[in-house]
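Please work from the sequences and hints to get the whole structure.
Number of protein chains: 2
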Amino acid sequence: MGKSDLPAYEQVKAWIKQHIGSGQWKPGDPVPSEAALMQQFGISRMTVNRALRELAAEGLVTRIQGSGTRVAQLHRISSRLTIRDIHEEVVERGHVHTTRVIRAEREKAGAEVAISLGLRAGATVFHTVLIHMENGVPIQYEDRYVNPSAAPEYLDTDFNQTSPTLHLLRHAPLTEASYSIEACLPSALEAKELAIKRTEPCLVMMRRTVSGAHVASIARLIYPGTRYSFAGQFQA
Amino acid sequence: MGKSDLPAYEQVKAWIKQHIGSGQWKPGDPVPSEAALMQQFGISRMTVNRALRELAAEGLVTRIQGSGTRVAQLHRISSRLTIRDIHEEVVERGHVHTTRVIRAEREKAGAEVAISLGLRAGATVFHTVLIHMENGVPIQYEDRYVNPSAAPEYLDTDFNQTSPTLHLLRHAPLTEASYSIEACLPSALEAKELAIKRTEPCLVMMRRTVSGAHVASIARLIYPGTRYSFAGQFQA
DNA sequence: CAGTGGTCTAGACCACCGA
DNA sequence: CGGTGGTCTAGACCACTGG
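Chain order of the listed sequences is D and F.
FYI, in my numbering the residues of the first sequence are 10 to 245.
FYI, in my numbering the residues of the second sequence are 10 to 245.
These are calculated hints, taken from the structure and not from any lab test.
A couple of the hints might just be wrong.
[To be verified] List of simulated lysine-lysine pairs, DSS-like, C-alpha gap at most 27 Å:
id: 1; chain 1: F; residue 1: 22; chain 2: F; residue 2: 35
id: 2; chain 1: F; residue 1: 201; chain 2: D; residue 2: 206
id: 3; chain 1: D; residue 1: 201; chain 2: F; residue 2: 22
id: 4; chain 1: D; residue 1: 26; chain 2: D; residue 2: 117
id: 5; chain 1: F; residue 1: 201; chain 2: F; residue 2: 117
id: 6; chain 1: D; residue 1: 22; chain 2: F; residue 2: 22
id: 7; chain 1: D; residue 1: 206; chain 2: F; residue 2: 206
id: 8; chain 1: D; residue 1: 22; chain 2: D; residue 2: 35
[As the list claims (entries may be wrong)] Some chain F residues near chain D, calculated using beta-carbon distances under 10 Å:
id: 9; residue: 29
id: 10; residue: 31
id: 11; residue: 50
id: 12; residue: 66
id: 13; residue: 78
id: 14; residue: 79
Just so you know, even glycine gets a beta-carbon here, dropped at the ideal spot from N, CA and C.
Spelled out as structure tokens, the structure:
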């Protein structure tokens, strides 16, 4: 009794997690088979299967058809790094988000940009540069190229009302994205617009989003190191 | 035919994803009920249920018991940022991982460290500082404090064989972790050990891991900005 | 070969929501 | 109240692994 109000598959998951978490079962050790767990808990195989399948999806166990289920080698510490609309993020902190548009225009794509967007060099692309501020303090310099095929009305947006990210999420449903995070020093222009020294290190996120058949956008997001950090947590 | 070799639940998922991805179904729109999908695909409810449950787990749809399934409001862009053992990571790239131990000793905890580890000030803690190298090039400066209650044998480890992360994963099963990533300039010592200039920006990850009742370890990991980046990708 | 997991079915009971 | 999703069962067939 006690926790008997939990669904059966959750009870199985909890039981297994406890054995792994307490160190009784070490990485590489076998986990009881579905048949064994059926008997032990007196439940059907589908229910046991769901428990094990979800544990596998969480990365706690490894399953190999024909071989068995084992405790995963490294309990990889992983957490969801969620990339969100910065407007939403700032407002959620109870702060005021404002935007200063530095540039918003049509451009002929240079070679590098064209390749990244999957266009031919010289094709027309949208280019925006803007500063996001939290309570008046600049926290992000956003330099973005947008594929007109993916979001034809992009430049009609009032970026003070609707952030580029939000517009794109609404008009070019996301199917794929990739990013990288690096550290670097700001350019003279970036430092000026962010109101920081050129020697202040920044986090730079390069992000590329795909919507259906098109690369929708490539963005370079620069955050002053002293005013922003990516954070996350994880629980077994 | 064609894709008929895919499991039925995957076909249902693909069909729904296509409607969402193409924009035919917009955020907030209802997704056909389990009963409707059963009929349409001629499959059992459990199979339909699995498809919808997985889509919900991926954040593409929202399900409310008694109400129905709808397309999720914002297709949140999120991906798993996986924190891995650096040794494993380097070896996977086909490179050679070596370690230089700068410091490995017992210490009286200062106030800040003690608080972070959940100990009283002056308690004994383990303190290690080491450099991780990939093909001989320094890529990470690791400054770590370990709670002796969580991993009593920590200092007996041969860190040239077993990285601190690996030792901790093995001896102090992870139950919780949190991290943050920032940009900053290295200290004089850090710059010297990493063989970089003091003006070269670095990525700094602060990580705190919990094992059962104890805070197991707090680590400050410093990566030269030009030699390392965090990257990831995700697919709807 | 026996044992494993991967998938699927055709039912079932329940809690919940909205009209 | 009818429709929804949440959970569960007792079978089944298959593909794969290992000895």
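So, going through the hints one by one against the coordinates:
1. 22/F with 35/F: holds (16 Å)
2. 201/F with 206/D: Holds, because 24 Å separates the two Cα atoms, which is no more than 27 Å.
3. 201/D with 22/F: The hint is violated at about 48 Å.
4. 26/D with 117/D: violated (56 Å)
5. 201/F with 117/F: holds (26 Å)
6. 22/D with 22/F: Status holds; Cα separation ~25 Å.
7. 206/D with 206/F: Holds, at about 18 Å.
8. 22/D with 35/D: Measuring from Cα to Cα gives roughly 16 Å; hence the hint holds.
9. 29: It holds, given that the least Cβ distance between residue 29/F and chain D is near 6 Å, below 10 Å.
10. 31: Since chain D brings a Cβ to about 7 Å from residue 31/F, closer than 10 Å, the hint holds.
11. 50: violated (19 Å)
12. 66: Cβ of residue 66/F sits 8 Å from chain D, so the hint holds.
13. 78: violated (17 Å)
14. 79: violated (15 Å)
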